[in-house]
Amino acid sequence: MIRAVNINKRFGQAHAVSNVSFDIQAGGSVALWGSNGAGKTTLLRCLLGVIRFRGMADIGGLDVRRRGPHARALVGYVPQELAFHDDARLGSAIMFFARLRRVSGARAAESLAAVGLNGHERKRVRDLSGGMKQRLALAVALLSDPPVIFLDEPTSNLDASGRGEVVEALKRLRSDGKTLLFASHRPDEVILLADRVFVMEQGKVLSDTTPSALWPTEKPVQIVRLFLTKASEAEAADALRKAGHAVHLNGRGLCVAVPRGHKAEPIATLARSQIEVRDIEVLDDLQIPEAKQ
Amino acid sequence: MKPVQFAISICLFVTSLTHAEKAMQATLNPVPVSFVVELIEKAEPGDVIRVPPGVYEGNLIIRKPIILDGGQKAIFDGLGKATVIEVVAEGVTIRECAIRGSGMDVTGEPSAIRVIAANVTIESNTIEDVLFGIDLREAPSANIRNNVIRCKDLEPGRRGDGIRLWWSHGCVIEGNVVQGSRDMVFWYSEDLQILRNTVTHSRYGLHFMYSHNTVLEENDLNGNSVGVYLMYSNGITIRGNRMQNNRGASGYGIGLKDCDDITITGNALLANRVGVYIDNSPSSINSTGLIESNMIAFNEIGLLATPNTHDNVFTRNAFVENEEQAVTHGRGRLVTNAFSRGGVGNYWSDYAGFDLDSDGIGDVTYEPKSLFGVMLAKEPNLRLFVHSPAQQAIEFTARALPELRPESTLIDPSPLASPPEIKLEIVGTGVGGMRMFIFSASLLSFAAICIAVMGIERGMPAQNSGGRT
Amino acid sequence: MSSMTAPSDLPKKSVPAAPTRVGGITLFARREFRDALASKWFLLYTVAFTVLAVAVSFLSLSGVGSQGFAGFSRTAAGLLNLIMLVAPLMALTAGASSIASERERGTLLYLLAQPVSRAQLLLGKYFGLAAALTCSLCIGFGISGGVLAWRTGGVGVGAYATLVGFTVLLALAMLSVGVLISVGSRRSSVATGIALFTWLALVFVSDLGLMASSVLFKLRVQEIFGLATLNPLQSFKMAVIVNMNASLDVLGPVGAYASQTLGNGLPWVLASSLAAWIILPLALAVVLFVRRGSV
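Chains as they are written, first to last, in the working numbering: chain A, 1 to 293; chain B, 1 to 469; chain C, 1 to 295.
One chain only, chain A, in its complex shape (with noise of 0.2 Å):
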C-alpha cells in the first residue's frame, strides 16, 4: 500500500531523511519511533508528496510525485496540531475539505457526528480545546472513507483523557482494515496501535521491528522516563543499556523499561555511574494485550 525507495531528503547540509526504503502492505499499522529531528515528519511530508525529495515513493501504486492529488486522495493525514483558518467555523471549514474530497455534505455532518462534534458548526476552529482541533483533524481525514491514514503524534498536544479518545478511534480504524503510519513518542501507543515500528535516528531507518522487540513483554512492564541534563543523556542511555535495560532516547527525556515493581533501578543504575537524575516521571500502566506477549 505504501511504498518507499531510497528515500533522501536534505535541508542544506543537514540528511533529513536519507535512503529509506520500506513497503507497508494493506491493512499494516507502523510506527515511527525516534528523537526529535530523528525526520519522522520530514519521511512523512515525504511520503505525502508536499515536499521535494529525491528517490520514490507511492501510495496505492499512485506515484507521490507524479500524480500527488491522487495520491493524496488515498490519504487521511492527521498533524500534530490542526493549523486551519482560526476564524472560520467548524461547518465551513469541514465543508471545504468534504469538497476539495469530493464528498456531499451529508457524509460532511455524518464524519463530524463520528468524532463526537456535531452540533459544534457554529464554533470557530480557534474556540476549539486540543482535543477537539484533534478530533476535527481526524474527522478532515476520514472524509472520503481513505484506506491509507497519517498520523503526525497526533497526541502529542492532548492530556490523558484527549489522548485516550483519540487512540481508541485509532484502533477501531486499524480493526476496519486501514493502513495507518503514524509517529509517536509514546510507548504506550506504539504498543497499542503498531504492528511495525521503525526506528529513525538521523533520517535512517535503524530497525525495522515490533513493539514487543522494542519493549520485550513477557512480564508486565512500566515505563519510567528520566529527565537528564542533555550532555549526560548519551552516557546515561549506555549506562542502562550496559545494565540490561531497553532504552529509547527521545525528545523528553530517557525512556526506560522496567519491569513491575523495579522502577527505582535505572536510578540505582545512573547513581552508580554517577549520574544525576533531576525528574522521574511514570507512564501510565500499559494495558498490554494478550495477543501481543
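If you are wondering where the hints come from, they were derived from the structure by calculation, not from laboratory data.
Don't take every hint at face value.
Taking lysine-lysine and the PhoX-like style, the derived pairs with C-alpha atoms no more than 25 Å apart in a straight line are [claimed, not checked]: (1) A:Lys230 / A:Lys242; (2) A:Lys263 / A:Lys242; (3) B:Lys64 / B:Lys42; (4) C:Lys218 / B:Lys378; (5) B:Lys81 / B:Lys152; (6) C:Lys40 / A:Lys123.
Given the structure of chain A, go ahead and fit chains B and C onto it with the hints provided.
Leaving out everything else, chains B and C in the frame of chain A:
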C-alpha cells in the same frame, strides 16, 4: 470624445452632400455659370437675384451691386479652377449659396469668394472643398455672417485660410463656422468685430497681424493648433471666448506677441497646451495688459510668459489644476507683473493657505515654488513623468528641504480663497449623467454579484437532510 | 465518546477522488475570496480607496464642476496619482501575505496534504484575491462615479470605464508580483516588507532613477519611452492617458514620440506591458512554488 466629434462631423458632411445631391437631381444637368451672369446683366443695381436650384459651373465675377440669393439650393462649382466667385462691386450681397471646387494652386490663392470692394455682405453660405474660404482684400465694412466653411482636407501647412482680411477695416465677422482651414487671419485690418464664430481643427483659430482696436467676443476655438494669436496688434478686447483643446506644437489658448493694451476678460481657457502665452506684451511704455476673470483650467501650463514680460495685471482669474500654473519661458520671474489689483488677486487651485478672517482673500501670499516645474523647463523630456507619484515626491522634497526650493515665479499677495464666479456664455457639453449613473451602478452590482456568487458560505446541510455537493 | 465510530457505511470499493484541475482552483479561489471579504485589509482598503477617490473627484471638480466643460479626462488625471499609489499597495500587500502567512501559520502544509497540486492552490489563491481586489476597486469606482454623475451631471463614461479597466489590470499585475514575493518568503512579515519595498521601488525609485538617468546620460526619447514602458505603473498611466486623449502629447516630447511612431498600436503596446506584468510574475511564482524543496 474625439471619435464622437469625428463621427458627428462625418454625419454633417454626409447630410450636406445629400442636400447638394438633391439639388443636382432637381436640375438634372449642371449648367454653365454664364446662366447666372446673364441674370445679373439683366438686373438693376440693388435687385435680388434668386438663383434657381442647380449646379452652376465655372468662375463668376460680380460687377454690379446686386443681391445674389441661392435659396439654399444653388451650387456654384469652380470645377477646381481659380476663385469661384469674385466680387468687384461695392454693396454686393451673397447669401444662401453653396460654393465649392476652387483651384488648388497656392500661388493664385484661389478662394470660394474673393471681395475687393467695400460694404459687401456674405451671409449663410456653405463653402466646401476650396483652398481659401472668404478672402477680403481692401474690402472695408464687410459683413461676414453665419457661413459654414470647410476647406480642402490637406495637410495643415498646405491648406488655405478659412476667412482672410487684408487691409479691410470695420468689418463684422459673426457666427461663422470654420473647420479644417489654416487660419482665420486678419492683416492690417482695424475696428473689427469678431463675434460668436466657431473654428475647429484648424491651425490658428483667430490670427491677428498688425490689426488694431478689435473686439473678439464669444468665439469658440476648439481643437486647433492655437486658439487666438495676436501679433503686433494693439487695443484688442478678448471677451467671453472659449479656447479649448488647442494643442498644437505651441498650443496656446491665447498668444500675445508684442501687443499693447490688450484686455482679456471672462474667457474660458481649457485643456490647451498653454492657457495664456505672453511674449513681450505690452511692448510700449505706458501700456498695460489686463487679464481679468478668466477661467484658466486644465492646461499643461496656465500662464507662460517670456522673461521680459511686465506691466500686465492679473485679477480675479481662476487658475485651476493646470499642470503648471504660471511659468516663464526659460529663466526669469513674473514679478514685474501685478497679480492683484486693489487687494484682489486670483484663485489658484494649488494655494495651500487659509482665510481665517473669511474676507475671501487668503491670509498668506501665493508664491508657487515648483521644483519639478523648474526641472521641466530645463528638461522637457521629463514631462513624461507628470501625473505620477514621483512628481509629487519631488515637490514634497523641495518643500521639506529649503536649499532645493527654487525661487517663486510670481507673487500674488492677495489670492482668492475660493474660485470667483465666472460667467461663461458658452457652456460645455455635459454628457450623459444618466449613463454615468448606470455605469457606476453596474460597477457596484458587479461587485455585489461577485460577492454573492463567490462569497456567501454554502454551509453544512442539516444533519439528516442528505445534502450533496 | 461512545458515538465515536469509524465510518463504515460507505461502499468499500469507492475510491476517494481528487478534485478536477478547475474544481480545485475554484475551491481555493472561493475560499480565498471569502477570507479576503472577512479580513480587515479588504474593508480598510475598500473604504480608504473609496473615500480618497470621492475626495479627489470633488477636489478636481471644485469651482468648475458644475460647468462640466472639461470632460472627465482631467478628473481622471487627478485620480491617476491616487490610483498609482493605492492600487499597487493594495495588490502587492494582499499578494505578499497570500502564501507566506499560510506558511507561517502552518496551514499551508495541511492544505498541501489534501488531494490538490501546488499549482492549483497557488492559482486558486491568485484568482480569489484577484476577484476580491476587483470587487474592492469596483466598489470604490462605483461610488465615486456615482458622486461624479450627481455632481457634474455627467462626465465621459468611456474615459471612466477605461480608467476602471486599466486600474484592474494594474492591480492584477501587482497582485502577481505580490504572490511571487510571497512564494519566496518564509515569513509573512518579510513578504510584506519586500512588498512595501517593491511598491516604493515601482512607485518612486524607478521613476526618479529614470529621470536622473535621462538627464545624466542624455537618453534619447525612444530610450526613455522604452524604459518607462517596463514599469507597469508608467504603462498604466500612459495607457489611461492615450485612451482618453487619443495621443500622448500631454506627456511632452517622449509621449509625442510614442504617439507618432506607434500610432494606433500604442495602446496595445502599453496594454501588453501590463499583461506581461500579470502573466510573467504569476508564471514564475507557480514554477517556483511547484519546485520549492520545502513547504
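Checked hints:
no., hint, verdict
1, A:Lys230 / A:Lys242, "20 Å, holds"
2, A:Lys263 / A:Lys242, "17 Å, holds"
3, B:Lys64 / B:Lys42, "11 Å, holds"
4, C:Lys218 / B:Lys378, "12 Å, holds"
5, B:Lys81 / B:Lys152, "14 Å, holds"
6, C:Lys40 / A:Lys123, "20 Å, holds"
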